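> Here is what each chain is made of, one letter per residue.
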Amino acid sequence: MDILMKALYLLIFPGLLYCSVAGLLLAGIDRKVVARMQKRIGPPLLQPAYDFFKLLGKETIVPAAAARRTFLAAPVIGLVSLVVTAVLVPVFGFSAFGGVADVVVILYLLTIPAVAIIMGGAASGSPYAGVGISREMVTMMAYELPLVIVLLAVGKAAGDGGVTFSLSKIVEYQQANGPLITHWTMWPAALAMLLVIPAEIGSHPFDVAEAETEICEGALVEYSGAPLALFKLSSAIKLYIMTALFSCLFLSGWGTGIVAVDALILVAVCAVIMLICVSLVRAVCARLKVEILFRFYWRVVAVLAAISLILAWLVG
Amino acid sequence: MIQHLPILAIMTYFLGAFLTTLLGHNSKSVRWFLVMLASVASFVMMCLLIKPIFLDGGIIGYWMGGRAPEAGYAIGIGLEVDALSLFFGLLVTFTVLLSAVYSIKYISRDDAQDKYYTLFLMLAGGVLGLVLSGDLFNIFIMVEIMTFAAVALTAYRNWAEGSLESAFKYLAVGSIGSSMILAGTIMVYSQVHTLNLAQISALLAGQGLTNTTVFAFALLFIGFGVKAFIVPFHPIAADAYMTAPASISMVFSGMVNKAGVYGMIRLVYVVFQIMDVKSVNYLIVLLGTITMFIGVTSALNQHDFKRLLAFHSISQIGYVITAIGLATSLGIAGGLYHAMNHTLFKGLLFLCAGAVFYSAGTTDLDRLGGLAKRMPQTAAIFLVGAAAISGIPPFNGFASKWVIYQACYEAAAAASGFASIFYAVVTIVGLLVSVMTLASFVKVSQSVFFGQLPDEFDEVKEAPLLMRIPMWIMAACCLLAGLLPGPLSRFALQPAAAATLNIKGYIDTMMGGGYAASQMGDVTPVAELDFSTIGYWQPVAWLVLFVIIMAAVLIVALGSQGARGNKRSTELEKVDGKYATFFGGEHSTYSMVGGSDLFWGLRYNLRHYFGFLSDMHSGVVNDYALWAVTAAAGIILYMFLFL
Amino acid sequence: MFKKLIDNSTAKSPWIYHINAGSCNGCDIELVAVLTPRYDAERFGFKLAGTPRHADIVVVSGPVTSQSKERLIRTLEQVPEPRVIVSLGSCPRSCNVFKGSYSVEGPLDKFCHVDISVAGCAPKPEAIVLGLAQAAQLLKQKREEAAQK
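Chains as they are written, first to last, in the numbering used here: chain Y, 1 to 316; chain F, 317 to 959; chain P, 960 to 1108.
Excised from the complex, chain Y in its bound form (with noise of 0.2 Å):
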C-alpha cells in the first residue's frame, strides 16, 4: 500500500502528471505573454505541449559520431531526477515525502538535469556542443553560489535559533510565524532567488548555453524526435520546480488545506514569480557573454545572498 501510494505521488501528484502539465502550461503563458510585451499575438497557450507531442512523432536520429547509450539516457536520467525534485517540493501544507524533503538534496538533485544535458551533449560528439557544455558548466557554478548562499539564509531564518536543512520545518515556520517574504532580512536573499531563477532554467538573457544564434543550441544540437521532447518537458517542469521552491521558500505558510485547491494555487503563484522574473525579464534584455553572466552572478547575486545570511544571523 505504501508503495503504491508512492507511486501515485511520483506518477501523478505532485509527481510526472502534474508538474508537467503545470510545467508546460507555464511555459504556455510565458510565450504569450512575452508575445503580449512585443504587441504580437503569440502562440495559443498549449503550444509548449503541441511542441513536446510534435517531437514525440519526429524520427530520432542517433548521429554515427555519437556515443548511443549516454546520448539516449541523458533525457530519460534528466526527466526522472526532477520529477523525483516535483515531489520532494511542497504544495504548501502539503508534502509528499515530508522527512526526505532536504533542502541540500533538492540541490544536488536540481543539478542532474543540468548534468543530464551536458552527458548528452558531450555523447553526441558534436563539437557545438562542446561548446554548449562548457557554457552551461560556467553557468550552472555561476547560479549554484547564489543559490546555496540563499538556502543557508533561509534555513537560518527559519531555523528557530538553530539551523533547519528540512522544507517541511521551513514551510511549518513560516505557518506559525507568516510569510518569509514578510521578514525584511530575507528580501535581498529573495531578490537573489528571483534572479537565480531565469538562469537556472536557462532563459533568455542568460541562455548562453543553448544560444540558437550562435551556437546552434549548444548541448541539444544532435538531438531530435523523442529525447529533445524529453529535454524540452524538462526545462518545463524545471521552470515549475523553481518557481515553486521560491513559493516555498519564501511565500508559504498558507493555503487552503485542501490539497486539490492548494496545488491550482500554487500554479497561479508560479505564474506570477515567473512572470516577474522570467518573462519580464526575457523580453526587455539581451543575451549576456558568459564570462559577463558569471561575473554578475558572483558579485551581485552572490553578495545579495551574502547580506540575508548576514542579517539572519544578526537578527535572528
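No lab work stands behind these hints, which were simulated from the structure alone. As the structure is a computational prediction, the values presented were derived from the model and not from experiment. For each residue, glycine too, the CB sits at the ideal point set by N, CA and C. Mixed in with the good hints there might be a few duds.
Covered by chain P, per the in silico footprint, the following chain Y stretches (three or more residues, Cβ under 8 Å) [to be verified]:
(1) 38-50
(2) 220-230
Below, simulated SDA-like cross-link-like pairs (lysine to any residue); rule was C-alpha separation at most 25 Å, straight line [stated by the list, open to error]:
(3) F:Lys367 x F:Gly821
(4) P:Lys971 x Y:Ile29
(5) P:Lys1099 x Y:Ile41
(6) P:Lys1006 x Y:Thr213
(7) P:Lys1006 x Y:Val21
(8) P:Lys971 x Y:Gly42
(9) P:Lys1099 x Y:Gly42
(10) P:Lys1099 x Y:Glu59
(11) P:Lys1069 x F:Glu902
(12) P:Lys971 x Y:Arg36
(13) P:Lys1006 x Y:Ile12
(14) P:Lys971 x Y:Glu59
(15) Y:Lys289 x F:Asn617
(16) P:Lys1006 x Y:Pro127
(17) F:Lys894 x P:Ala1105
(18) P:Lys1101 x Y:Lys39
(19) P:Lys1069 x F:Asn617
(20) Y:Lys39 x P:Arg997
(21) P:Lys962 x Y:Pro44
(22) P:Lys962 x Y:Ile12
Covered stretches of chain F (in silico footprint by chain Y; criterion: 3 or more residues with CB under 8 Å from a CB of chain Y, positions within the stretch not fixed) [said to hold, decoys possible]:
(23) 684-691
(24) 810-818
(25) 916-928
Once you've looked at the hints, dock chains F and P against the given chain Y.
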C-alpha cells in the same frame, strides 16, 4: 587466536614482500600466487576481526613477544586494534586486494615486476602496520617504510617523463614530514618516558598541556599533515599520483593519505585529547577548507587525466579533515564515511585512468576523445565514479557529503559570533567545491570518453577483463555505500566514531583495568553519540528511484531503432549523410574542444587566482620544501599562541 | 488517442530551419519579417530552429550556387522525418536572373523534392505565411501517410 590476527595480517604482507624478492624473480605465476595469497590472506584476517571489534565492541591489545607492561611502564611494542584502527585496516586491505588484482594485467608490459610487487607489499604492510600499531615509535618506523616504498613506486616507470623528478620531490618533502614525526616522538618521550600510545594518552591527560607537549603536538600534526597531503604540502602528491602507475595512484589515494588522516585522528582525539580546544578545531577546519578549495580549483585547470584526479584526491581529503576537525559526533562519522567513500570512488577513477592509459597509451585530455565508443564499460564505470565524487544521489559521495554539510552547519548554529560565520562559510565552500568537482569531471568525460574520436585512437580496445573486475567491484561498492548508510553507520561508522572518543577503554585495554582512572583522575565516560540525523536520508526511496531510472533507460535503449554498431563514423557518413554530425553544412572534420579550453568563462574571470595557483605549483622542489617549512613554522607558531 | 494527439500537434508546431543557398538576402529578410509583430507567424506555432535536427520545415532560398550545393544537400539529409521542403522566392524555382551563371547549379528541384514553392522576387510576407501554413498541413499529411505504410 583472535588477538594474533593483527600482527599476522601485517607480517603476511612483509613476508609476501620478502618471498616475492626471493622466489618471484623468474616465474610470473609464483609471483602472482604470492601476491594474491598475501593480499587475500590479510583481507580475510581483517574481516575476521569485524565481529569481535565492530559488533561486540571489543578492543584487541597485543604485546609483541608477550612483553606486558612492568612496573606501570610499557616496555614492549604493542599493537592495539580498536574500531577506528579496524575501519582503516579494512580500507587498506580492501584497496590492496583490488589493486593487486588490477596490477596483474596493468603492469604486465613492464619489466622488473618482482621489484614492483615487493615494493607494493612493503607499502601495504607499512600502512597496515601504521593503522594497527599502538606504539608511537613503531608508527614512525611504519611511516618511513611507507614513504620509501611509495617513493620507489612513484619512480617505478622511470622511463616516463617526470617520474624520477616527482619521486625526488616526494622524497624531499616526505622526509620533512617524517622528521617532524620523529622530532615530535622524541619530545613526547622526553615528557612521559614511554612510547606506548595508550600510556602516553593517560599520562599526558594527567599532566595537562605543557610547552613541550604543545610543541610535540604541533610537530606530529604537521608530520601527519604532510602524509595526508593537505595544503600546502600537496604539490608533491599531484606529481606523485600523476607519474606513478595507476594501480599505485589508487593505493596512494586509497590508503597512503588515509594513513595521514588516521594519524591526525589518533593524535587529536586519543593521544593529546585536545578535540575540545576550539583553536585546534578552527585550525583543522581552516586547513581542511583551504585544502578542498585549492585542490578543486587546481583540478579545474589540469589537462592530464591523472593529475586532475590527484588534485581531486587532495580536495576530497580536505572534506575529511574539515569534518573530523569539527569534533562533533556527526562530524567524525561524516569524516570517516567520506574517507571510506573517497577510497572507493577515487580508487575507481584512478583505475579508469589506468585503463585509458593501458588502452590508449596517454592520459592527455587535449589528445583523447570519444573513447566511450571503444571502451563502453570503462566509460560507464567512469560515469559512476564521477557521479559519486561529485555527490550526485544516489551514490556514496552524496551521502557522506550530506552528513558533512549537516555537521558543518550544525556546528555553525551551535557556535556563536565569529565562529558561527566561519562554519557557515565552510559549508558554503563545501557546497561550491562539490559543484566545481562536478565541473571538472564534466571536462574529463567530454575530453576522454565523449566528444569526437581522433583517428589515432580508432583501434583502441576495451581494457582486459582482469582490469575491469576490480573496477566493477568498486563501482558496485560506490552504489551500495550510498544506498545503505543506515547499516553502514550502525555496524562500522558508529563503532569507529565511538572508538575515537572511548579513550578510557583504549588505555585500559593495553595498560590493565583502572590504569586510566589512576592517571587521569576522573575519566569522562564515552559521550553518547547522536547519530539520529545520519539515517535521516532515506535510501530506500532512492533505491526505488534508481530502479525506475534503470528501467526507463533500458526501455529507451532497447526500444530505439537503428542501432549503428561500432562502425567508423566516417564510413557511415559516406553511406548516409543523415547520421553525420551537423557542422553548419560542412563535412564533419575533427574539431574537438580541447580539454583545457573548456570553462573559458570561469577561467577568464578568475584568471588572477589561477595565475597565483600556477605560480604556487612551480614544480621546483626547493619551492615546495620552502612552502612546507614555512607552513610548519606557521602552524607551530599558531599552536604556541593559541593553545 | 495518443496517435491522434501527435498527428494534430504536428500541424500546430512546425519549426523552421532556413538555408541560404546563395540568395541575395532579399527573401531572407522577408522571412524574418514574417516573425515580426505585424505578421507574427508564432501564432501558428512557427519557430526558427537553430539546427536541422530540430526542424520540420526547411526553407531554402537562393539559386543553389556551386559553393552551396554540397552543403545544402548535406544539411537537407540531416533533417529528421517527416519533413517538408519549401523553396522561397524565384531563385530556387528557376534561378531567376542568375540563370546561366558559371557558378549557379540550380534550380533546387534538381537536388531534392520540393514540396511547397513560394514565388516572388522577393515574395510578400503574406505569401510566405500562406506557404508555411500549407507546409504545416502537408507535414501532418506526411505523418499520416507514413503511419499507414
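> Which earlier hints turn out false for this structure, listed by number in ascending order?
Hint check: 13, 18, 19 and 24 fail, others pass.
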